[in-house]
Each structure stands twice: as structure tokens, then as C-alpha cells.
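K.L.:
Residue strings, one per chain:
Number of protein chains: 2
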Amino acid sequence: MSLQDILNNYRPIIEEELKRALPISDPQLSPFYGMMHYHLGWTDENFATQSQAGGKRLRPVLCLLACQAVGGEPQQVLPAAVAIELIHNFSLLHDDIEDNSPTRRHRATVWKVWGRPQAINAGDGMFALAHLALQRLSETGLPDDRVLVAWQVFDQACLALCEGQYLDMSFEDRLDVDVDQYLTMIRRKTAALLSCSTWLGALLGSGDASLAARYARFGENLGMAFQIEDDILGIWGKEKVTGKPQAGDIRQRKKSLPIVYALQQETSLPASEQRVHRVYRREVIDEDAIEIVLDSLQALGARQYARQMALDYHRQALAELEATGIENEGQTGLRELATLLVNRQY
Amino acid sequence: MSLQDILNNYRPIIEEELKRALPISDPQLSPFYGMMHYHLGWTDENFATQSQAGGKRLRPVLCLLACQAVGGEPQQVLPAAVAIELIHNFSLLHDDIEDNSPTRRHRATVWKVWGRPQAINAGDGMFALAHLALQRLSETGLPDDRVLVAWQVFDQACLALCEGQYLDMSFEDRLDVDVDQYLTMIRRKTAALLSCSTWLGALLGSGDASLAARYARFGENLGMAFQIEDDILGIWGKEKVTGKPQAGDIRQRKKSLPIVYALQQETSLPASEQRVHRVYRREVIDEDAIEIVLDSLQALGARQYARQMALDYHRQALAELEATGIENEGQTGLRELATLLVNRQY
Numbered sequence: 001m002s003l004q005d006i007l008n009n010y011r012p013i014i015e016e017e018l019k020r021a022l023p024i025s026d027p028q029l030s031p032f033y034g035m036m037h038y039h040l041g042w043t044d045e046n047f048a049t050q051s052q053a054g055g056k057r058l059r060p061v062l063c064l065l066a067c068q069a070v071g072g073e074p075q076q077v078l079p080a081a082v083a084i085e086l087i088h089n090f091s092l093l094h095d096d097i098e099d100n101s102p103t104r105r106h107r108a109t110v111w112k113v114w115g116r117p118q119a120i121n122a123g124d125g126m127f128a129l130a131h132l133a134l135q136r137l138s139e140t141g142l143p144d145d146r147v148l149v150a151w152q153v154f155d156q157a158c159l160a161l162c163e164g165q166y167l168d169m170s171f172e173d174r175l176d177v178d179v180d181q182y183l184t185m186i187r188r189k190t191a192a193l194l195s196c197s198t199w200l201g202a203l204l205g206s207g208d209a210s211l212a213a214r215y216a217r218f219g220e221n222l223g224m225a226f227q228i229e230d231d232i233l234g235i236w237g238k239e240k241v242t243g244k245p246q247a248g249d250i251r252q253r254k255k256s257l258p259i260v261y262a263l264q265q266e267t268s269l270p271a272s273e274q275r276v277h278r279v280y281r282r283e284v285i286d287e288d289a290i291e292i293v294l295d296s297l298q299a300l301g302a303r304q305y306a307r308q309m310a311l312d313y314h315r316q317a318l319a320e321l322e323a324t325g326i327e328n329e330g331q332t333g334l335r336e337l338a339t340l341l342v343n344r345q346y
Numbered sequence: 001m002s003l004q005d006i007l008n009n010y011r012p013i014i015e016e017e018l019k020r021a022l023p024i025s026d027p028q029l030s031p032f033y034g035m036m037h038y039h040l041g042w043t044d045e046n047f048a049t050q051s052q053a054g055g056k057r058l059r060p061v062l063c064l065l066a067c068q069a070v071g072g073e074p075q076q077v078l079p080a081a082v083a084i085e086l087i088h089n090f091s092l093l094h095d096d097i098e099d100n101s102p103t104r105r106h107r108a109t110v111w112k113v114w115g116r117p118q119a120i121n122a123g124d125g126m127f128a129l130a131h132l133a134l135q136r137l138s139e140t141g142l143p144d145d146r147v148l149v150a151w152q153v154f155d156q157a158c159l160a161l162c163e164g165q166y167l168d169m170s171f172e173d174r175l176d177v178d179v180d181q182y183l184t185m186i187r188r189k190t191a192a193l194l195s196c197s198t199w200l201g202a203l204l205g206s207g208d209a210s211l212a213a214r215y216a217r218f219g220e221n222l223g224m225a226f227q228i229e230d231d232i233l234g235i236w237g238k239e240k241v242t243g244k245p246q247a248g249d250i251r252q253r254k255k256s257l258p259i260v261y262a263l264q265q266e267t268s269l270p271a272s273e274q275r276v277h278r279v280y281r282r283e284v285i286d287e288d289a290i291e292i293v294l295d296s297l298q299a300l301g302a303r304q305y306a307r308q309m310a311l312d313y314h315r316q317a318l319a320e321l322e323a324t325g326i327e328n329e330g331q332t333g334l335r336e337l338a339t340l341l342v343n344r345q346y
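Chains as they are written, first to last, in the working numbering: chain A, 1 to 346; chain B, 1 to 346.
Just chain A, same shape as in the assembly (with noise of 0.2 Å):
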């Protein structure tokens, strides 16, 4: 199956749970959560029905996947998974606002549209919404300590999303970042959540807290993994790929792991040769500052590194999955989704 396959699969019904978790109650409220509607693909800027890519789900898929794996009913679960795409969703709203971003999926941003006040409220809403969703597990037939135990892993990948955000904000104005910091801060930024949803979904499938553990580190690997290959497609992956103009995250200074690595392994040579420091130093990076700074990772094997170690937390959250020793449709698509993420195209 290709990845679309996978994702597809079980899109329908994350859609309609979604759709059930953002309701609009007065009509005074409509472009409140019409906001909400537009950044989730439902709509266009003025609120008229759209079908667009609103997102991979990616985070809902993987929740279910390991519901599934664990013999739970993915029905019962899907309120947490709904509840993590919203968590999701609610911190692309605002750090798209903290990065200053006018696009995400080839369309304006909410802040770039409503405006920055708006926007933050939009997200907080979304935020809140997120949790009414997830209560929605009382609902389907699950235990009162399960779901209590859901919500604490549930806001503790939040605060975790936060604390990333945080690293991540504070690693812009610093050269000397290590790669330690680094996998600190996107263990945070995006592991968490990933983590959280495989967690959630074994956790409410089947109870049993050692289980889940090993599908949370299943996820956590999987999203560490996840974000080096993101940050190999941000300078190396082509634009017509990913959507993205190649090298944008050089242009935009972002501190990803090929660059990070490199910036390491240049304190060791003398000041004339810190290239990518130097370029990092530029009021502007043109397009001469860019190659220049593709040599230098070229020449440090920072590509290499980077897809090593992407491998390496790949590897690990099989094994993880292998360690369960489960045998079944959705340990097959776990396993599988695993390896397209890590494999996407250049």
C-alpha cells in the first residue's frame, strides 16, 4: 500500500468526528469557528464549502493503527485521535503566527487572513475544542480511569508541544546549538505528540499501560525519525515535492539537524573555514550564501549524519513494534507507515 492508501483508509471517519468536534451553535459565532474550518481545508475565506488538502491526518491515522494493532475498536478511540489532529492543528494556528508564515498548504494563514488577534483566539478556541473532543470517550463505552489517564497523557504531549515550541523559538538567534539540543527540542516539538498517539491508541484499545508503553516508543522513535527527514526535505527535498522552494530552510535560518551538525563539527576548524557560520551570520542569505552553505554540509557529510540517525530512530521504533510480538492488520500498517515516512520522496 502507498502512504496515501494508508492515510486514506480510515480518512471518512476522522473527517466526520472532526466535523462533530467544531460545531457552530449561533450564528453570531460562525466566523469563529470558521476560521477553524477554513485552516482544517473545509472551507475557503469565505466560509463557502472547499475540499482541500487540509493535512495528512497523520497523527489520527497512527492512533488508530495502534488501537487496531492492540485488538481495541478503532471507533471507541477515535475521539482521541480527533482530539490530537485538533492539538495538532491548534499549534500549526499559532506558530504560524510565532514564524511569521503568510502560507501553509498553498494557502493564506489564518493570521494572514483575520489577522494576528483573531488568530491566536481561533487557536485557543481549537485548543479548548480539543479537549471537549477527547471527553467525548465517556461516550463510547471506555472506563472513567482510562479516559482520566488518556486526558494526563493527552495534556502532558501538550505542554511537551509547548516546551519544543519553546526550544525551538530560543535555538534562532544561537549558533552554538548542539545536536543534543537539538533532539531535545524536536523529542518535544513533534516526538511528543506522535508519541502520544500511539500511546493513546494502545492505551484505550486494550488497558493494558505496558503495551501502550511500547507503542509510545514505537511513536516517539518514529517521530524523531519523522523530523530529520523533514529537515533533509527542507534544504535537499525538491520544490515540486514537497511544495516547498528548495533549500527554505537555509534561506530561513532554521536550526535543523543537517545544519546544527554541521555548525558542531565546524568549531573544530579554524575561524577562516566556519563557513556555515559565517552564512548564518549574514544579514541576508542570497542565493551565492546558499550554495555556499550546501558545500559546506556537502563536505562535513551532514546529509549523510542526518539520514543516518533518521535510519537509526527508524530502526528502533520497529523494534519496538517486533518486541510486541503482535501479528495483524494494523501492526502491518503501522509498520508500513513507518517506513514511507522515513522514505519520502526527494
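To be clear, the hints were calculated from the coordinates, so they are not data collected in a lab. Please note: incorrect hints may appear among the correct ones.
Stated by the list, open to error - Residues from chain B that keep clear of chain A, each with C-beta distances beyond 10 Å, as calculated: (1) 253; (2) 273; (3) 277; (4) 279.
Claimed, not checked - Sample of chain B residues at the chain A side, in silico, Cβ under 7 Å: (5) 117; (6) 120; (7) 128; (8) 140; (9) 144; (10) 145; (11) 148; (12) 166.
Yeah, the Cβ is synthetic: ideal placement off N, Cα and C, and Gly gets one too.
Add chain B to chain A, keeping to what the hints say.
P.N.:
Chain B alone, transformed into the frame defined by chain A:
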């Protein structure tokens, strides 16, 4: 007892629980938590310990008094009281960005010190921490089903808060807001969280949903009265008392109740006599313009109108308390607090 006495009574246990809810884990993350500590009045801009007035802690006090009134154990309900205070402060953090406010409680706002991106994210972190604080209810011996209901009430209030903020911001460019729309807005933006405070206090303290509903309505009506009094203070309150320049709300073109009432009354006057409309359409509101508005409000009886409405809500709030037939120290505290809040100094 004075307002301050009632508030101070519970202050030590509230501050202690608040601090427990906002620990600093990793030194790398200390500025992330530091921004929240600063906002709550515990540190200065350099994160040096400081004891500032970090707000009245009105909402947690209402929660604990309601708990006490229904015969509950305040210590058991403390996590909810503190979670509500954190939600209140999360919303202030974001409101300050959305309103572009440079100061709060005589200090620079978080966004003013650390920039908007970090301030948005610190607010998000506080939102997640509020939920983690609420989860501590499970540790104080409350039954799971009661904790789950509390969680629901809590996030419904969070959502209402965002809905109210949406409405408030959407009123900014409008002169046709009527009193009903204004009341819908403050019911969500202000009254919902005060209602949540007394609701949760009574619900968690007694487990009696219909008794809790009375306390919820007490809190809601009190919230309406409280906000309308705030509106009156925002126009006629002396700077010495409020800490804000007199008539500040006129300068900022706020759609507070006296203004909304005046705008609505003016629609039945000939255009030449619509003085508040004219001033609110101006580019700049100078001292002369403020005088014109104050004159018009006087002529239209806007202050008396607002004051009467605040007293009506106050009366309804007290009627809910009386209807419970409860008489004890907690109940007396709530009654006194309500009366003091609608009779603040001008």
C-alpha cells in the same frame, strides 16, 4: 470583612498550589516557565524572586468559598481553584497581545518583555498546565466520575472565554452593537469563568449537580454584575483607585455597556445629535472628544442605566444563594464578596 480580608484568607494555600502547578523541570526550559512566573507576579524580568501583586485570585477564592458553603473540603477542591486561575491568566497573557497592551498591574506585559511569539507560546503552555493542575483532583480522593464532569465544565468555560473574546474583538469595528449582543459577549468573556469557579467548587464539594447549578448561576450573575461595574470604573473610575487613566475605555473606543447603551439610544436621535457615534468614528479621540462623550453619556443616563443593570444582576446572584437555604461561613463569604465586588470605590 473587607474584600482584601476575604481574598487574603485563602491566599496562602492558593499560592502554594499555584506554585506546585508550575514547577521548573529542566534548566534549559527555565525561561519558558519563568515567563509564566513573571506574569503571576512571582519574579521580575530577570526571574529574580519578587512579591508583586499578581492579581486578586478572585476566581479561586470564589471556588473555595462555594465548596465551603456546600460543606465540602476546600483542600480537596484546590486543584480546580488553581486550574481556573491559570486559565484566567492564560487568557490575560493572550488578551494583552491581542489588545496590544504594553502594561498590566503596573508592569510590562509578557509580550512586551519577551516578544509576541514567546508570549503566545507561554500562554499555550499555561493552558496545558491548567489542565494538568485540574487533574490533581484525582489525587485528592474525589471519585473519577466527578472529576470527569469537572473537566467538562472546565473546558466548556474555556471555550466560552474564547467565544467571548472573539465577539469582543469583532465589536471593535462596529458601532451597531446593541445591549443584547454586549450581554452575550460578557456572559462568555467574563461570567462563564466566574460561573465555572462557583460551579466547580459546589459540584466537587457536594457531588450534588442541582445544588451546583444554583452556585453556577450565582457565579454567572455575579460575573455579569462584576463586568458591568468594571465598565463603569473604566469610564468614571479615578486613576488613584483603578490604576488606569480615567476615561481610558473611551480613549480606547471600548464597546463597554455605557457606550453601547448610548450608541443604541442615539439611533433614535437625528444624525446631528449622535455625538458618541461621531466621536467613535474619528481617527483620534482627544481630551475634547472624551468630554463630548462624557457629556452625552450624562445626558442619556448611561451611567445610571449600567449601574441599575449591575445591581439587578447582583440581586439575582444573591437570590440564587438564598434559594439554597444554606447558612454558614462559606455562604456568608460569598454574599459579602458579591456585595463588595459591585460596590468598589470610584
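K.L.:
Evaluate each hint against the coordinates.
P.N.:
Evaluated hints:
no. : hint : verdict
1   : 253  : holds (15 Å)
2   : 273  : holds (29 Å)
3   : 277  : holds (22 Å)
4   : 279  : holds (23 Å)
5   : 117  : holds (4 Å)
6   : 120  : holds (6 Å)
7   : 128  : holds (4 Å)
8   : 140  : violated (13 Å)
9   : 144  : holds (4 Å)
10  : 145  : holds (6 Å)
11  : 148  : holds (6 Å)
12  : 166  : holds (4 Å)
Hint violations for this structure: number 8 only, all remaining hints satisfied.
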